[in-house]
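K.L.:
Hey, can you work out the whole structure from these sequences and the hints?
For the protein sequence lines, the chains are B and H, in the order given. Going left to right, the first sequence walks through residues 631 to 959 as the numbering used here numbers them. Going left to right, the second sequence walks through residues 941 to 1270 as the numbering used here numbers them.
The hints are simulated quantities; they were obtained by calculation from the structure and are not laboratory data. Please note that a few of the clues may not be correct.
In the DSS-like style, the derived pairs of lysine-lysine whose C-alpha atoms are separated by at most 27 Å in a straight line are [to be verified]:
#: 1; chain 1: H; residue 1: Lys999; chain 2: H; residue 2: Lys1073
#: 2; chain 1: H; residue 1: Lys975; chain 2: H; residue 2: Lys1231
#: 3; chain 1: B; residue 1: Lys677; chain 2: H; residue 2: Lys1073
#: 4; chain 1: B; residue 1: Lys853; chain 2: B; residue 2: Lys810
#: 5; chain 1: B; residue 1: Lys676; chain 2: H; residue 2: Lys1196
#: 6; chain 1: B; residue 1: Lys953; chain 2: B; residue 2: Lys853
#: 7; chain 1: H; residue 1: Lys1073; chain 2: H; residue 2: Lys1106
#: 8; chain 1: H; residue 1: Lys1257; chain 2: B; residue 2: Lys896
#: 9; chain 1: H; residue 1: Lys999; chain 2: H; residue 2: Lys1106
Computed list of chain B residues with no C-beta within reach of chain H, every gap over 12 Å [to be verified]:
#: 10; residue: Leu655
#: 11; residue: Arg669
#: 12; residue: Lys677
#: 13; residue: Ile688
#: 14; residue: Tyr733
#: 15; residue: Gly824
#: 16; residue: Gly832
#: 17; residue: Ile849
#: 18; residue: Asp857
#: 19; residue: Arg871
#: 20; residue: Ala880
#: 21; residue: Glu910
#: 22; residue: Ala918
#: 23; residue: Arg922
#: 24; residue: Ala949
Where is the CB? At the ideal position from N, CA and C, for every residue including glycine.
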Amino acid sequence: MSEKSYRDAIRDAMMEEMDRDPNVLIMGEDIGVYEGTFRITAGMLKKYGGKRVIDTPIAEAGMVGTAVGMAMLGLRPIVEMMTMNFAIVAADQILNHAAKVRYFSGGQVDVPVVIRGPQGAGVQLSAQHSQTFESFYAHFPGIKVVAPATPADAKGLLKTSIRGRDPVIFLESAALYGMKGEVPDDPNFTVPFGVSRVAREGSDVTIVSYSRMLQMSLIAAEKLSQDEGIECEVIDLRTLRPLDLEPAYASVTKTHRCVVVQEQWKPFGAAAEIAASITETVFDELDAPVARVTGEDVPMPYARNLELLATPHEQHVIAAVKKVMYANG
Amino acid sequence: MSGDIPREHALHLLREMLRIRLFEEKCAELYGEEKIRGFLHLYIGEEAVAAGAMQSLTKDDAIVATYREHGHALVRGISANAVMAEMYGKVEGCSRGRGGSMHIFSAAHRFYGGNAIVGGGLPLAAGIALADKLRGVSHVTACFFGDGAVAEGAFHETANLAALWKLPLLLLCENNLYAMGTALERAQSETDLARKAAAYRIPSTSVDGMDVLAVEAATRAACDAIRAGAGPQFVELRTYRFRAHSMFDPDRYRDKSEVGRWKERDPIMTFTAFLRGRGDIDDAGLDALRKEIESEIATAVAFAEAGQWEAVSDLTKFVYSERPLAGRAS
Ligand SMILES: Cc1ncc(C[n+]2csc(CCOP(=O)(O)OP(=O)(O)O)c2C)c(N)n1
Ligand SMILES: [Mg+2]
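P.N.:
Here it is, written out as structure tokens:
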């Protein structure tokens, strides 16, 4: 184990996989000479050269489509999006091509492409630069959607993404890049897809989340424990496709109350899918309707006061936990 | 630099360039004080482009710009107050604090926005031009975009549509040789960008973007051609940004000596020297001009400081159309 930042864990995962498999390469805007706007790819051009660390022009559709074509022929491209907001420009290549070519060809090709980059709100970048995309991509069969909450998971899940045979949307939280945590050193350490984990044990309320909102939920859970004596069990989903809700069902069977936390907009969001599945599966265990904590249903405003209003915070989680406990005032 | 340009007009061009420079130097300072947040992309070094290109546009013509658009907004006549208040995120801002630096917008000025997506404004501009054309009005839509945007599909689709439909669209490519940290020759198969546009049968020229008079002349000729019914025109403006791409950019990809060489061609410095040489302005005149502009900016800062935050109850206002169209910026 070593202490690593989420950022360094991502870089380590890519470099270990590039060392292990000559078919792995990375492409993106300003990833080589510039070493990445978030410095994720620092040192990579120098180590692997321009054939495997490919700077692209500002051409998202072109670069993703190119990566899909390479993947069909057995290479393992990683595409870094400067931020995931720009991947929408390539939505056709991701959703109509990467997600479907295996299926519409009757299983003739693998598409081992990883499209990764930062997302999320919080630093006043306004409407076009503050979005989160997990529900958007998770809606489509044919792609896998990963959203790690810790440095260790960032590394282990990215390695699984790169080694896999399917297109992966790997969503990094820009706000977590500096977060530190213990990460296994073993170059064969991976984290499998579709295995959720219990991030905190508790007996009163189950909180289900992922990525940055998981970290926020843990802070809320500590506060609730200290201030109110309420013990939350916090479940980290890690991947949204495949989605493993077994630990959530088991937890709800114990706590009988559940809050789902996501950063994105509420309508048709990940929390809606999760809450519906919990209701369908362990309805008889529930003592209260599943509550959702989400962002406000609005494009992200620039003004600081409005941005704070539009994004979920610890106090929203705390309020939702109290609500499902019928403990509000 | 040459020409028999009237003194009044020459001084106007100088004033516009200096307004952009001093306004943005103030913005950089305010960013350090965290009054302005988020992304801030400065135009310092490129002022001759917006100042020169805007001269041939009338108030009926339309403009679409990028996230590096404070200068364009000021020259267009959106008040420094409304632009500064927007950058503060105040409700008095031209976009009511919802957009910030990258989304300066004023429909009243037919200034259809900054845009935070590279190339995103190009098809919108074609649509504005098409709407004007279908309505039979002979307005021009001017679309500013960077060299980096020429790599996006949006540029190529727009160029083709504009030529095919003979749209009254003025494509103004601000070639500052870099797209963030990527030098032009590392991103373009053909670095002569005018040739790319010409491939779509769009009449195309390149001009020294550090020379405000050259910019004005080239864009005026292009505008005249559009007004005469010749369809879209492309002008490449060869310029350079003196500052980093944004406040987050460590700017390590350019040689200091390269930046230094371009600074010797500072459009404000060279034009000032030209005007001094002609006897159009002297030290006292320059001093007075500077003071006037500084006072305009100080007023804008005070206006933004005194501005209000949007009421929290209005967070979702303007997501949909149930409310009346927003008031217009002054
Ligand atoms: C579709 C898209 N891709 C990437 C970005 C990130 N980005 C913002 S500005 C920029 C460089 C643009 O360069 P250029 O078009 O030359 O304009 P300049 O900034 O030089 O004025 C990049 C890559 C973006 N905003 N939108
Ligand atoms: Mg540029």
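K.L.:
Compare the structure with each hint and give your call.
P.N.:
Outcome of the hint check:
1. Lys999(H) / Lys1073(H): 16 Å, holds
2. Lys975(H) / Lys1231(H): Measuring from Cα to Cα gives roughly 23 Å; hence the hint holds.
3. Lys677(B) / Lys1073(H): Distance of about 54 Å is beyond 27 Å: violated.
4. Lys853(B) / Lys810(B): 21 Å, holds
5. Lys676(B) / Lys1196(H): Given pair lysine 676(B), lysine 1196(H) holds - Cα atoms ~22 Å apart, limit 27 Å.
6. Lys953(B) / Lys853(B): 16 Å, holds
7. Lys1073(H) / Lys1106(H): 9 Å, holds
8. Lys1257(H) / Lys896(B): Distance ~17 Å between lysine 1257(H) and lysine 896(B) Cα, so the pair holds.
9. Lys999(H) / Lys1106(H): Cα-Cα ~22 Å, so holds.
10. Leu655: 18 Å, holds
11. Arg669: 10 Å, violated
12. Lys677: Lysine 677(B) clear of chain H: closest Cβ-Cβ about 18 Å, beyond 12 Å.
13. Ile688: Violated, because the least Cβ-Cβ distance between isoleucine 688(B) and chain H comes to about 5 Å, which does not exceed 12 Å.
14. Tyr733: Answer for tyrosine 733(B): holds, closest chain H Cβ roughly 25 Å.
15. Gly824: For glycine 824(B), whose nearest Cβ neighbour in chain H is about 34 Å away, the distance exceeds 12 Å, so it holds.
16. Gly832: 33 Å, holds
17. Ile849: Non-interface label on isoleucine 849(B) holds, nearest chain H Cβ at 23 Å vs cutoff 12 Å.
18. Asp857: At roughly 25 Å from the nearest Cβ of chain H, aspartate 857(B) sits farther out than 12 Å, so the non-interface label holds.
19. Arg871: 26 Å, holds
20. Ala880: Holds, since 38 Å exceeds 12 Å.
21. Glu910: Answer for glutamate 910(B): holds, closest chain H Cβ roughly 31 Å.
22. Ala918: It holds; alanine 918(B) is separated from chain H by about 27 Å at its closest Cβ, greater than 12 Å.
23. Arg922: Its Cβ never comes within 12 Å of chain H, the nearest being 17 Å, so this holds.
24. Ala949: 16 Å, holds
Of the numbered hints stated above, those contradicted by the structure are hints 3, 11, 13, listed in ascending order.
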